[in-house]
Every structure is written in C-alpha cells, then in structure tokens.
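Trainee: First to last, the sequence lines map onto chains A and B.
To convert, take the position in the first sequence, counting from 1, and add 6; that gives this note's numbering.
To convert, take the position in the second sequence, counting from 1, and add 1; that gives this note's numbering.
Some clues are possibly wrong.
[As the list claims (entries may be wrong)] Just some of the chain A residues that point at chain B, by a computed CB distance under 10 Å:
| hint | residue |
| --- | --- |
| 1 | Gly-68 |
| 2 | Phe-93 |
| 3 | Ala-94 |
| 4 | Lys-95 |
| 5 | Asp-97 |
| 6 | Ser-102 |
| 7 | Leu-103 |
Simulated from the structure, these hints should not be mistaken for lab results.
Beta carbons are placed, not taken as given, at the ideal position from N, Cα and C, and that holds for glycine.
The primary structure of each chain is shown beneath.
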Amino acid sequence: MASNGNGPTLLIGTRKGLWQVRSNADRSNWTVDGPQYLGHIFSHVVQDPRDRRSILAAVSTGHLGPTMLRSEDGGQTWKEASAPPAFAKGDRLERSLTRAFWLTPGHPSEPGVWYVGGTPQALFRTEDGGDTWAPVTGWNDHPMWETWCEWPEQQTPDGSMLHSVTIDPRDPSHMYVGLSGGGVFETTDGTDWHPFNKNVSAAFFPGADPYPEYGQDPHCMRIHPANPDRLYQQNHCGIYRIDRPSDEWVRIGDNMPREVGDIGFPVELHPRDPDTVWVFPMDGTDVWPRTSPDGRPAVYKTSDAGETWTRQDNGLPERGWYTVKRQAMTTDANDPVGVYFGTTSGELWASTNEGEEWTCITQHLPEIFSVEVAEPA
Amino acid sequence: MKVRIPTPLRSYTAQVSVVEAEGATIAEVFAHLDAQFPGIRFRVVDEQDRIRQHMKVWINEDPVRDIAMAVAPTDEVTIMQALSGG
Numbered sequence: 007m008a009s010n011g012n013g014p015t016l017l018i019g020t021r022k023g024l025w026q027v028r029s030n031a032d033r034s035n036w037t038v039d040g041p042q043y044l045g046h047i048f049s050h051v052v053q054d055p056r057d058r059r060s061i062l063a064a065v066s067t068g069h070l071g072p073t074m075l076r077s078e079d080g081g082q083t084w085k086e087a088s089a090p091p092a093f094a095k096g097d098r099l100e101r102s103l104t105r106a107f108w109l110t111p112g113h114p115s116e117p118g119v120w121y122v123g124g125t126p127q128a129l130f131r132t133e134d135g136g137d138t139w140a141p142v143t144g145w146n147d148h149p150m151w152e153t154w155c156e157w158p159e160q161q162t163p164d165g166s167m168l169h170s171v172t173i174d175p176r177d178p179s180h181m182y183v184g185l186s187g188g189g190v191f192e193t194t195d196g197t198d199w200h201p202f203n204k205n206v207s208a209a210f211f212p213g214a215d216p217y218p219e220y221g222q223d224p225h226c227m228r229i230h231p232a233n234p235d236r237l238y239q240q241n242h243c244g245i246y247r248i249d250r251p252s253d254e255w256v257r258i259g260d261n262m263p264r265e266v267g268d269i270g271f272p273v274e275l276h277p278r279d280p281d282t283v284w285v286f287p288m289d290g291t292d293v294w295p296r297t298s299p300d301g302r303p304a305v306y307k308t309s310d311a312g313e314t315w316t317r318q319d320n321g322l323p324e325r326g327w328y329t330v331k332r333q334a335m336t337t338d339a340n341d342p343v344g345v346y347f348g349t350t351s352g353e354l355w356a357s358t359n360e361g362e363e364w365t366c367i368t369q370h371l372p373e374i375f376s377v378e379v380a381e382p383a
Numbered sequence: 002m003k004v005r006i007p008t009p010l011r012s013y014t015a016q017v018s019v020v021e022a023e024g025a026t027i028a029e030v031f032a033h034l035d036a037q038f039p040g041i042r043f044r045v046v047d048e049q050d051r052i053r054q055h056m057k058v059w060i061n062e063d064p065v066r067d068i069a070m071a072v073a074p075t076d077e078v079t080i081m082q083a084l085s086g087g
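The following block holds chain A by itself, in its conformation from the complex (with noise of 0.2 Å):
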C-alpha cells in the first residue's frame, strides 16, 4: 500500500471496513486508502507502540462470531488469529464472546502482551501478539462479576461492554477497566478487583444515592502517561479527573458552559502536558440524541486540568447532526499535537495545531467507530 510520507497514518475503523490515512512529514497533505475487509465491521485497530510495526484489529460481521487481525507490516497484509478471544469451553456461566470491542497493548516490559475487552463484559490477554488469546479469569470469573455486570442482563440496545483497558506504565499489574456500563474497577494485581467510582455520579439510577459504589457508565477513561496519578474520565453523567493516591474523582465537568453540558463519548489526552485535554460533548437531553448540543459541532479543549475550557469550532460546519464514538478520537505525537476525529456520518476532521483550526480530511466513510494513530516505524 503507497505510503505518502513519514507522518503519521490514522487507522480509521467503520462499520464496514477498514482505512488507512497517511500524511506527509508536516501532515499537510493526506492520502486515504482502503477499503481494506470491506463490509467487516472494525471496533478497533490498534498499533503497537513497542515496535510500530504490528497493528491488532478487532473485527465481527453482522452474522460471523468475532474474530482479530493482525498485521506484521504496518497494516499492509492481515492474518486472522489462530486462536480469537473466547471464553473456555464449559464456561461455568456459558459464555460466549459476541464482540471484541477495545484493544489495549500491554505494558512495554511485556512486549507480546495485549489485552481485549468485550461483550460481555469480560477481558481476554494474549501473550503472543495477538495469534492466540485466553480469558482473564481473575476478572471474568470474579466472584462479584455477575453483580458488577449485572449479568445476564445486556443494558444497552447493542450490549454492555468492557472498554478503557488501562495499565500504570509504573506497573503492568496496576489496571482500570470501564464497564458501560458498571464503573470502573481497579486491580493491583489481577485478581482483587474493586470499584472505583467514589463520587461519579450515577443521577439515572432510581436509588436514592446517585453515587453508588457501582453501576455508573463511563464512557472513556485514560491515564496520562507523563503522570500516571492522574487519570481522566469522560462519564455517561459528566467529565471527571482523578489524581492518586486520592480516590475520589472530581467532576471537572461541571466547568463547562451550562448550554453546553458535560456529556460525550471520547476523552483525548496530550501526549506530554497532562493538564491538556480534549473532548466533544453531545446532547444528552430528551431521548439522548447524542449529536452536538444545538447541532453545533466543537471540541472542547482544557489547558489547566478542567478548571477552565476552551471552546474550538474553527472550520468546523456550523451545523452538524453527527456523533463521535468512544475511540473515534485521538491524538498524535507531533509538536504541536495532532488532534483527529471521526464521525457516525462518516466524516474524518484533523487539526495539527491542537485543535485551533479543523480541516475535514475525507467524508463519505461508512460509520467512523474507531480512530487511532500509528506512528511512523
């Protein structure tokens, strides 16, 4: 496949099929290609940032079982795993994987090791690069796992799933996940999961406390990897921030404009500035119709950790009926950062100046699921 220069590519994962969009040095100039697998739905594709070579996609049909990709070469040729993410057989549940949904690599002290979050909400870790995978049985077999997922009830219209696999870079058996939805729930060691919510809301429960120990939705959460104390949360009820070793989080949303609300899918980091991040919030309003609030297309931008944000529209159409999925958003290595998004109405938007000016790379994909940078090798 034709490379255009040494600038990054964007994975572009839809609904039916995936591409790759490569630009220049200065990343003014893109070239889009695909369809690669056209008609497969891709929830993610991933590069591995140990070696920049090898690239994982998680992948379904409307009517196959699930199943993972894998390239050698930079996304040139695939190969399906030997062994795709599933549970044993004679799951003492009877579980079977219907998607594989969020793909984290893992820690670069164990290069090989990736781990995939799905429906259900259960984890799964290969420890070959992606050829053969095994459920992670201190979470999936948990025995507080069918409360905290509240299984077998599905919530969602198309299924609850585990996301927002995180590791401490300080340590690879330090993991967050997110269940949406369900909380997140931390580990220290693979084993002794708990929840970790303390002061997220959960307002659309018909308890009393909005603030239960479980059972909130996160939609995305990151830990920066300059600070890795402090995380950040873009919630079903708000946007949070976290900084360790205290384990409340506090709700940074609650400093956007009021017209606009704290509601969205993604939540973006700056590579080195863990005080910078960005976010597009939707309306959550009426029946949730998750576009932009008042058809408005913007990213919010923070420079101080939440306390203040910055509205940023420049190029964006004034109207806009689209919405930007949990990983349809991302952020790129380069001095000044690259932000990147995609969107529901198959529209892929950059901006190489941290956001001040967007610039709409190509439209008219399938449904935009999944946005990643792979870096040049």
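Given the coordinates of chain A, assemble chain B onto it according to the supplied hints.
Mentor: The following block gives chain B in isolation, referenced to the frame of chain A:
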C-alpha cells in the same frame, strides 16, 4: 459429504462454494472443516458449541438446532447467514 459455504465464509475456502467434509455429526463436520480451513468453525459455532444467533445450518432441508445432530455421508450440509438491515 458436500458442505455449501456462504459468501461471508468463502475467504476461508479460497472462494470455493461447495467443499467436502467428513463426520458422523455436525460437530464432527465442523471439526473437519476447521482442520481444512482454520478459523471457519468459530465464526459459525461459539465456544459453548452453540450455533451463533444469526447463522443457520441445514442438513438437506432440515434446520440444525444442535451440533450433536447426526449426519450421513449422502447428506448435504448448508451453512447460511441471516443478513438483516443495512
């Protein structure tokens, strides 16, 4: 016996639409298919040996509910998918 392969699974069979497989049950047929075309079984049958919700398997004109169902060498097995929506 002959096994008819639907288009979504022909990437596994080098685009061949009818293949040969052996087995006394549908489970054995799928095991033999998977030995010939690695990965094909899991797309149709889940890890608990259930035929996936939107996949259908037939022995001649009889729908298969359970992969333990017996099949004879003269039977024809058909795998289908249930497409819906866009």
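Trainee: Are the hints correct? Go through all of them and say.
Mentor: A quick look at each hint next to the structure:
no.: 1; hint: Gly-68; in the structure: holds, 7 Å
no.: 2; hint: Phe-93; in the structure: holds, 5 Å
no.: 3; hint: Ala-94; in the structure: holds, 7 Å
no.: 4; hint: Lys-95; in the structure: holds, 5 Å
no.: 5; hint: Asp-97; in the structure: holds, 7 Å
no.: 6; hint: Ser-102; in the structure: holds, 4 Å
no.: 7; hint: Leu-103; in the structure: holds, 7 Å
The structure agrees with every numbered hint stated previously.
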